Structures are given as C-alpha cells and as structure tokens.
Amino acid sequence: MLEYEFMRNALFAILTVTPLFGLVGTMIVNNKMAFFSDSLGHSAITGIAIGALLGVTNPTISMIIFAVIFAILLNKINDSKTSSSDTIISVFSSTAIAIGLVILSKNGNFTKFSNYLIGDILSIVPSEVITIFVVAIIVLLFWLLFFNKLLAMSVNTTLAKSKNIKVKLLENMFIILVAVIVMLSIKWVGVLIINALLILPAASSRNISKNMRQYHLWSVLFSVISGILGLIISYYQRIATGPTIVIIASIIFFATYFLRKASED
Amino acid sequence: MGLHCGFCCTKIRNISVQIGKKEILKDVNIHIHCGHMTVIIGKNGAGKSTLLKAILGEVKHTGEIRFKNKDADGQKIRIGYVPQKLNVENSPMTVYDMISGYTSNRPVFLFKSKKNYNEIKRHLKDFGAEELIDSKVNRLSGGELQRVLLALATMPYPDLLILDEPVSGIDKNGKEQFYKKIDELKKNRDLAIIMVSHDFEYIKQYADDVIMLDGKVIEKGKPNDVFSSKNFKDTFGGEAIC
Chain W
1 MLEYEFMRNA LFAILTVTPL FGLVGTMIVN NKMAFFSDSL GHSAITGIAI GALLGVTNPT
61 ISMIIFAVIF AILLNKINDS KTSSSDTIIS VFSSTAIAIG LVILSKNGNF TKFSNYLIGD
121 ILSIVPSEVI TIFVVAIIVL LFWLLFFNKL LAMSVNTTLA KSKNIKVKLL ENMFIILVAV
181 IVMLSIKWVG VLIINALLIL PAASSRNISK NMRQYHLWSV LFSVISGILG LIISYYQRIA
241 TGPTIVIIAS IIFFATYFLR KASED
Chain X
266 MGLHCGFCCT KIRNISVQIG KKEILKDVNI HIHCGHMTVI IGKNGAGKST LLKAILGEVK
326 HTGEIRFKNK DADGQKIRIG YVPQKLNVEN SPMTVYDMIS GYTSNRPVFL FKSKKNYNEI
386 KRHLKDFGAE ELIDSKVNRL SGGELQRVLL ALATMPYPDL LILDEPVSGI DKNGKEQFYK
446 KIDELKKNRD LAIIMVSHDF EYIKQYADDV IMLDGKVIEK GKPNDVFSSK NFKDTFGGEA
506 IC
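Protein chains in written order, with the numbering used here: chain W, 1 to 265; chain X, 266 to 507.
Rather than coming from a laboratory, the hints here were simulated on the basis of the structure.
Predicted model, so just to flag it, every value in this text is computed and none were measured.
Be aware that one or more of the hints could be misleading.
[Said to hold, decoys possible] Straight line, CA to CA, 30 Å or less: simulated DSSO-like cross-link-like pairs of lysine-lysine: (1) W:Lys163 to X:Lys386; (2) W:Lys32 to W:Lys168; (3) X:Lys495 to W:Lys161; (4) W:Lys166 to X:Lys445; (5) X:Lys276 to W:Lys210; (6) W:Lys166 to X:Lys487; (7) W:Lys161 to X:Lys498; (8) X:Lys437 to W:Lys166; (9) X:Lys446 to X:Lys333; (10) W:Lys76 to X:Lys386.
[Said to hold, decoys possible] Covered stretches of chain X, as calculated for chain W (at least 3 residues, CB under 8 Å): (11) 291-304; (12) 317-331; (13) 447-458.
[Stated by the list, open to error] So these bits of chain W aren't anywhere near chain X, every CB distance computed over 12 Å: (14) Ser94; (15) Ser105; (16) Met153; (17) Asn164; (18) Leu192; (19) Leu229.
Glycine included, each C-beta is placed from N, C-alpha and C at the ideal position.
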C-alpha cells in the first residue's frame, strides 16, 4: 500500500500525530477535561464556517484561531464558577455547533463540508504533514519543560500556586496547544470522533500503569498502534480510517479494563 | 534546634475579601510568630478557607501580608500548604511522581532521577513515610496521605505552613501522630503555622492561639479563653470540648 503517495503521507501523519495524542491525552484525562476537549472538537464546525464565510479554500487557520479563542473563553467562564462545569461546556459546545451548521447549511451547501465530520486521512498533503511535524516538536519541547508543573496543577492548583507555579499562564498554554493539535487533525480524523483519540489511549494506559513513566509510555504506544493498525485495516477493507482507529483504540481500552478488573479480583 | 528566634513573624493586616457584592471577610488581622501555631475555627461559610486562599494569593483581597525576619522586613514569604483534598482518583501517579512534579524540573514522565529520588526518600523518612515513595497516591490511607503531604509542603521548609482541615476523616491514632509531628515541626523548625481545624481536643493541647471567624474575627486568644467564650458556645455548643 506504500507505493501510493497518499498512503505514505497518511502514514507519516499518523506516526507524527498519534504520539502527540497519546502524550497530551494523559493530561486531559488527569485533569478530567474529556468533556472540554470534546467541545473543542465541536468548535471546529464554527471555525470551518467562518473560513467559508471569508472565502478561504483551506479553513485550517480560521479553525485554529476560533478554537483558541473558544478554549480560552470557555476556560475563563468555567473558572468564574457561575454554573457547573458540564453545563457551561455543553452550552459552549452546542452553540458552536449550531452557529457552524447554520452558516454552512446556507444555500444548501452543507454536503461540501460533511467530510469534516468523519475525516479523510487520504486527503492529507505533504505541507500539512510538515506543519504537524513542526507542531509535534513544539509540543514535545513544551512537555519536557512544563510537564512537572502541569502534573502539579492537575493534583491541586492551590498547592501548585504555593510552589510558585504560574497556574493560569500554563493552563492557557496547554489548552492553546490542545486546540492547535485538534484543529490540525480534524480534517483527517473528523469532528465526531477526534475526542476518542485523545481520551482512549490515556484511559487505557491508566488501567495498567503503575507510575507516570508507564502511563506515558503505554498511552503513546496504544495511540500509535491504533493509528497504524487502523490505517492498514481501513485501506484493505475500504472503510473510513478515523473510525477504524477509534474502534481499535476502544478494543484496547476494554482489554486493559478487564485486565485491571482481573488483577483487582 | 528547639529555639525560637523570636524575631520573625508574619503579619496579616486588614485582609478583606469581596466576591461580587458579597463581603466574605472583613478586616482580618493575624500576627503569627515563628514557632507558633494559630488555629482558625468557625462554622461552615465563616470564611476560613477563603482566608487561607487569600493568604496564598488565590483569591483577590485587600490588605497586606508581610513577612519579617531579623535581617529584613517585607521579604517575599515562602509558604507551605497542605490541602484538604487532591485530584488523584484512578491516577497512576506515585508519591515520588507527585513530589517530584512539585519540587523538580526533571520531567517525571521521562525518567526517574536517582538523585532526586534519594532526596525525596530522605525527606519522607523524617515523616515516617519513606516506604511509601513508590506507592500510588490514590492507594494511601488518610494518615499516610497526610504524612506525604506534610513532607511535600516542607520541601523546602517554608516560613509559614498553612493546613486546611488536614486530618478530617482520619482515625484517632492517625490524628494523634499528625498533631505530634506538627508540634515537632513548630518547635524544631521554628515554623509559623496556620491551621483550619475542628479537633478541639487537639487544638487545646497543641495550639498557641485560636481565632474564631464569622466573616470577621469574632474571638481570638489562647485556646481555653476562646473555648469558654459565649460566641464559641453559641456556635459549637458547650459540650464541644470534653
């Protein structure tokens, strides 16, 4: 299958982006942010719609800008504790989807954008792979420099502040990075299932890990394995790649879940 | 060891906190010397945790918090904090991972630093928690967790140690051990300690001063004086102290 350029591009993209999802997912699961990242994925619809309104052919930039604003605003309102977290996230999420769908459906044009819902990995081009690779390096550097602080914040923010950690700044940097990664991957994974790729490898890893090093290692491995297997199976079975990856990641989750249950009994 | 320098103190002056239109705290003044433990008591919603958060800089407040030692006035204060609860449910994080996360820059997810590991182990030993270093934090008993958190709050040793209801839900034996350790820290490390607690029996035995809050300071003084006040009896009942 690697004789085709589009398959080589897809494989490179998967090898670059799945470790990132595995890595970043660990902190999303630590911080109980699954709902937040899900809503961030949904915000892509509005990002795409704004791009369409502006008449751009590639809406990635408009998606990223909108997602970053969306994430920071959501985080800020969430912090004000005026309503419970899940309510605020739901309101943001559904508003973003609704606005996006209204704009995109104008003049009956929605089908043109329906690819974004389930994604199409074979449409990826070399320049996009390079962009993802550069982002991967930035995320890795960020992780090396700030992971300890993010971990400290996830355990208890007040305790982190007492150790002079700049909680708000790091929190915003983290959600901006998540927003960028999610938006760059939406096109090939799809709005409907992107969150599963962020959550499942880390959640599976939690089931069997005994410390932070194992947690990261398994999460990254599960993510990469799901990605590669998903690509191969979807190619030969002629099915959509994103959902296939998610099904494999789900099988890994259930396997590790039962493994944990068995070891607890 | 065991001597109070008598020169350093933390002055908390005119602290007021307003959230929206509601005034949570008004003009709270506390003066704590090193080697002293001040316990804050009060009914639910009296502003105890808000006061701690104001001191920690987590909620906006007016007034000032100054630390003074024999060399300088108005130094930046080093605060140690023991929280009430942690977000560690189902987490694979070990005690080493957690303490290292707060005290070191070497990425915990990548490798275990031998030097750092030994340093943490040595410090945990002072708190009788050395053998817990590789245990998952979410598997610790209440008493074990408090020993670990105390070790974390004192790495490095702070000027002011703040504890927010640290032993709620811990058995009598665990509480006894905990208060003894706090007392030892206070005396041997010359720490100023502020604690929110309702273990009146232990407060009577170990606290130097008690402050009773209800939006403002309504009683302050030696434990026995506060416990015999009308405000205390009205809030907690006369039988609260055996």
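Can we trust that W:Ser105 is non-interface, i.e. its beta-carbon lies farther than 12 Å from all of chain X?
-> 40 Å, holds
Given the hint that W:Lys161 pairs with X:Lys498, does the C-alpha gap stay at or below 30 Å?
-> 36 Å, violated
When you check the alpha-carbon spacing of X:Lys495 and W:Lys161, does it fall within 30 Å?
-> 38 Å, violated
Given as non-interface: W:Met153, partner chain X, CB spacing beyond 12 Å = 9 Å, violated
Would you check the hint for X:Lys446 and X:Lys333, treating anything up to 30 Å between C-alpha atoms as holding?
-> 25 Å, holds
Coverage of the region 447-458 of chain X by chain W (three or more Cβ within 8 Å) = Three-residue rule not met by the region 447-458 of chain X, so violated; n is 0.
Between X:Lys437 and W:Lys166, does the CA-CA distance stay at or below 30 Å?
-> 37 Å, violated
Does X:Lys276 pair with W:Lys210 here, judged by a C-alpha cut-off of 30 Å?
-> 44 Å, violated
Can we trust that W:Asn164 is non-interface, i.e. its beta-carbon lies farther than 12 Å from all of chain X?
-> Since the minimum Cβ distance to chain X is about 9 Å, W:Asn164 lies within 12 Å and the statement is violated.
Can the restraint linking W:Lys32 and W:Lys168 be considered satisfied, given a maximum Cα separation of 30 Å?
-> 17 Å, holds
Would the pair W:Lys76 and X:Lys386 pass a check requiring their Cα atoms to be no farther apart than 30 Å?
-> 39 Å, violated
Take the C-alpha atoms of W:Lys163 and X:Lys386, compute the straight-line distance between them, and say whether it is at most 30 Å.
-> Distance ~19 Å between W:Lys163 and X:Lys386 Cα, so the pair holds.
Of the numbered hints given earlier, the model fails hints 3, 4, 5, 6, 7, 8, 10, 11, 13, 16, 17; all others are met.
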